[in-house]
Amino acid sequence: MMSAVNLKTLAVLASVVTLYGCAATNPTTGGGNVSYGNATDVETVNSDFGSTDLQMIAEAMSRSLAQSVAGNKQKPLVTVADVKNKTDEYIDTKSITDSIKTQLLKSGTMKFATDIADMQNQTDELVRQNNTGLYKKSSTAKIGHMEGAQYRIEGTLTSIVKKNSSVKDVYYKFTLMMTNIESGTLEWMDEKEIRKQARR
Amino acid sequence: MKKALLIIGLCALGYGATCAADTIESKVDQMGTARYLKIDEMSARTDNNLLVVRVGITNTDDRDQKAYYRVRWLDESGDAVWDDEPWKPLLFHGDQKQHLKLVAPTVKAKDFKIEFSAEANWRK
Numbered sequence: 000m001m002s003a004v005n006l007k008t009l010a011v012l013a014s015v016v017t018l019y020g021c022a023a024t025n026p027t028t029g030g031g032n033v034s035y036g037n038a039t040d041v042e043t044v045n046s047d048f049g050s051t052d053l054q055m056i057a058e059a060m061s062r063s064l065a066q067s068v069a070g071n072k073q074k075p076l077v078t079v080a081d082v083k084n085k086t087d088e089y090i091d092t093k094s095i096t097d098s099i100k101t102q103l104l105k106s107g108t109m110k111f112a113t114d115i116a117d118m119q120n121q122t123d124e125l126v127r128q129n130n131t132g133l134y135k136k137s138s139t140a141k142i143g144h145m146e147g148a149q150y151r152i153e154g155t156l157t158s159i160v161k162k163n164s165s166v167k168d169v170y171y172k173f174t175l176m177m178t179n180i181e182s183g184t185l186e187w188m189d190e191k192e193i194r195k196q197a198r199r
Numbered sequence: 000m001k002k003a004l005l006i007i008g009l010c011a012l013g014y015g016a017t018c019a020a021d022t023i024e025s026k027v028d029q030m031g032t033a034r035y036l037k038i039d040e041m042s043a044r045t046d047n048n049l050l051v052v053r054v055g056i057t058n059t060d061d062r063d064q065k066a067y068y069r070v071r072w073l074d075e076s077g078d079a080v081w082d083d084e085p086w087k088p089l090l091f092h093g094d095q096k097q098h099l100k101l102v103a104p105t106v107k108a109k110d111f112k113i114e115f116s117a118e119a120n121w122r123k
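Chains as they are written, first to last, in numbering that gives the first Met the number 0: chain A, 0 to 199; chain B, 0 to 123.
Misleading hints may appear alongside valid ones.
[Unchecked claim] Under the rule of at most 27 Å between Cα atoms (straight-line distance), these lysine-lysine pairs were calculated in the DSS-like manner:
#: 1; chain 1: A; residue 1: Lys110; chain 2: A; residue 2: Lys72
#: 2; chain 1: A; residue 1: Lys172; chain 2: B; residue 2: Lys87
#: 3; chain 1: B; residue 1: Lys37; chain 2: A; residue 2: Lys191
#: 4; chain 1: A; residue 1: Lys161; chain 2: B; residue 2: Lys87
#: 5; chain 1: A; residue 1: Lys100; chain 2: B; residue 2: Lys100
#: 6; chain 1: A; residue 1: Lys195; chain 2: B; residue 2: Lys65
#: 7; chain 1: A; residue 1: Lys110; chain 2: B; residue 2: Lys65
#: 8; chain 1: A; residue 1: Lys172; chain 2: B; residue 2: Lys65
#: 9; chain 1: B; residue 1: Lys100; chain 2: A; residue 2: Lys195
#: 10; chain 1: B; residue 1: Lys87; chain 2: A; residue 2: Lys83
#: 11; chain 1: B; residue 1: Lys87; chain 2: A; residue 2: Lys162
#: 12; chain 1: B; residue 1: Lys87; chain 2: A; residue 2: Lys191
#: 13; chain 1: B; residue 1: Lys37; chain 2: A; residue 2: Lys85
[Said to hold, decoys possible] Examples of chain A residues toward chain B, derived with CB under 8 Å:
#: 14; residue: Thr39
#: 15; residue: Asp40
#: 16; residue: Val41
#: 17; residue: Asp47
#: 18; residue: Gly49
#: 19; residue: Thr51
#: 20; residue: Gln54
#: 21; residue: Met55
#: 22; residue: Arg62
#: 23; residue: Ala65
#: 24; residue: Gln66
#: 25; residue: Ala69
#: 26; residue: Gln102
#: 27; residue: Ser106
#: 28; residue: Gly107
[To be verified] Looking from chain B toward chain A, a few residues come up when the C-beta cut is under 10 Å (computed):
#: 29; residue: Arg44
#: 30; residue: Asp46
#: 31; residue: Trp86
#: 32; residue: Lys87
#: 33; residue: Leu101
These aren't lab readings, by the way, just hints derived from the structure by calculation.
Note that the Cβ used here is the ideal one computed from N, Cα and C, for glycine as well.
Whenever a hint applies, use it, and build me the whole structure from the sequences.
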């Protein structure tokens, strides 16, 4: 028959194994209530604009744009203007256009000229290299050699929200268009629609 | 018949020796076995040098069914040429058939594998 002391020792050993045994097999630290998920999973926390919406929009727009220009002999030089957020939510639309640009650059179908948002940094760097006298003439980027974009991409994000006592329905529409800057003609346009419903 | 259509479609793109084995089943990685959703059409072609895949999925149930999918874009040797795509949700109404148009992100993509996950699967 096992003594009371032996039983106590076993209980302590069991609790030590429970507390520390499992943690040893996972390279984690901190022990807080934090867990990592997959960035590509479908996010359904609530009906607000989320990561899956951003990813689906960026993918749909970049694939459609790439398909429209992939057969061109020369990669079109494009600048990206703002995407207007006409929804009631705060949405970082630059994050959407950044994803679209990233995918198009990686696809090798387009080149991007400095857009309005990055122009200050670009001109500051040119001025710094040319006007401070700190750089070798042979290695400075020359002023007046920037390439002007042939096309401008811009868009809008709109939403329609309806709700009753049991359901909230959100409809997003992302519209993107590409305009020939010289002629002003609209060369490409597409849209991505998303419907989300949340039960209350 | 449907299998033959896919084989013809892929062979026409110049997939060489691997094309003989291409069937709808061979191009789909299912997470579980979908109980009501059937991938019953598939064809591939190139448009402006980009691989374009068309997929038909039928809901054989008379209730709504949900599923998720994404594509792995591969080169001739089966190596991935693009990062993991986001999973995309699909909603099928009862007895509805949907057609998906999947455009490759890069001209380097010469082959593909569809990852498909239905919410209603057969139990193991």
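**Request:** Against the structure, test the hints numbered earlier, and report the numbers of the ones violated in rising order.
**Result:** Hints 7, 13, 17, 18 and 29 not satisfied by this model.
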